[in-house]
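**Student:** Going by this note's numbering, the residue at position 204 of the sequence shown is 204; the numbering climbs one at a time, nothing skipped.
Derived by calculation from the structure, the hints in this document are not laboratory data. Glycine included, C-beta positions come from ideal geometry on N, C-alpha and C. Some hints could be false.
Pairwise CB distance ranges (calculated) [as the list claims (entries may be wrong)]:
#, residue 1, residue 2, range
1, Cys62, Ala104, 28 to 34 Å
2, Ala134, Asn4, 50 to 56 Å
3, Ala110, Arg40, 35 to 41 Å
4, Ala104, Ala134, 39 to 45 Å
5, Pro129, Gln92, 20 to 26 Å
6, Arg42, Asp167, 45 to 51 Å
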Amino acid sequence: MPWNEADRAKYEVIRARYSSDMSEAELALIAPLLPPAKRRGRKPTDAQVILNALFYLIRCGCPWRYLPKDFPPFTTVQNRFYAWRDSGLWAQIISVLVMDAREAEGRQAAPTAVVVDSQSVKTTEAGGPRGFDAGKKVKGRKRHLAVDTIGLPIECQITTADVQDRDALAPLLKAVHRKSPWVKMSFVDGGYQGDEAQRAAFEASRISITVVKRTDKEVKGFVVLPKRWVVERTLGWINRSRRLSKDFEATIESALAWLQLALAFLLMRRLARAKAGQI
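Using the sequences and the accompanying hints, generate a full structural model.
**Tutor:** And the structure:
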């Protein structure tokens, strides 16, 4: 089948140096959100080059010191990563991109319902806080994610794996309410059952909680359920980022920053293609 103009635009990024490199349309989405360069000191490295290096790292999963030599020195990229992490930049970028993506889908910018789930991942010898998830038999950390009804991330948090889902529900929904006070309903799975936990979550966020239960207990493995499948799909999107296959970070702050960076990358690429009329 011959290529058309839509195909050429879609694979514009792939023809660049690396498929994770940003296109001009993608850069235009987040460039206004990046902090301005300092007026004093040496001339800083271009933000687009730093972002391309970070997106390469998140997609390929290589260590800092294995960053290809055609990128800036890994210490330069690392220092900018820590500065942006500590400033909370990625949470702001995600919030703006989610609103734009929802409007591109013909929806209101602010969601009114979220779907909540968690993902337990192993840690490595890097150390740092960790715990044991007795249900999943995983020693490491747990990613808690709240997405809207089309799978776009509203809030994400990371705890040690020994924190039960129902105990993490209240702080997660409280953060959702703080970011998007129009959210009034949440859908969760059976792991969030418990009157006390749900009462605490409602009092903290004023968001009602609906538990979506499985009705086919004889069937083992993954089963698509109403509402719940949306967040499962988002977790599947995250798994495309190889650096997130395990939690390699020594601190929860860095682990959260990489998770946010992966979500921002997905949103940026999705939104750029949507505005180009490709999806």
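**Student:** Determine for every hint whether it applies to the structure shown.
**Tutor:** Here is what the structure says about each hint:
1. Cys62 to Ala104: 28 to 34 Å: Once the Cβ atoms are compared, 32 Å apart, the range 28 to 34 Å for Ala104 and Cys62 holds.
2. Ala134 to Asn4: 50 to 56 Å: Given a distance of about 53 Å, which is inside 50 to 56 Å, the answer is holds.
3. Ala110 to Arg40: 35 to 41 Å: holds, 39 Å
4. Ala104 to Ala134: 39 to 45 Å: Distance hint for Ala104, Ala134 holds at roughly 42 Å.
5. Pro129 to Gln92: 20 to 26 Å: holds, 25 Å
6. Arg42 to Asp167: 45 to 51 Å: holds, 47 Å
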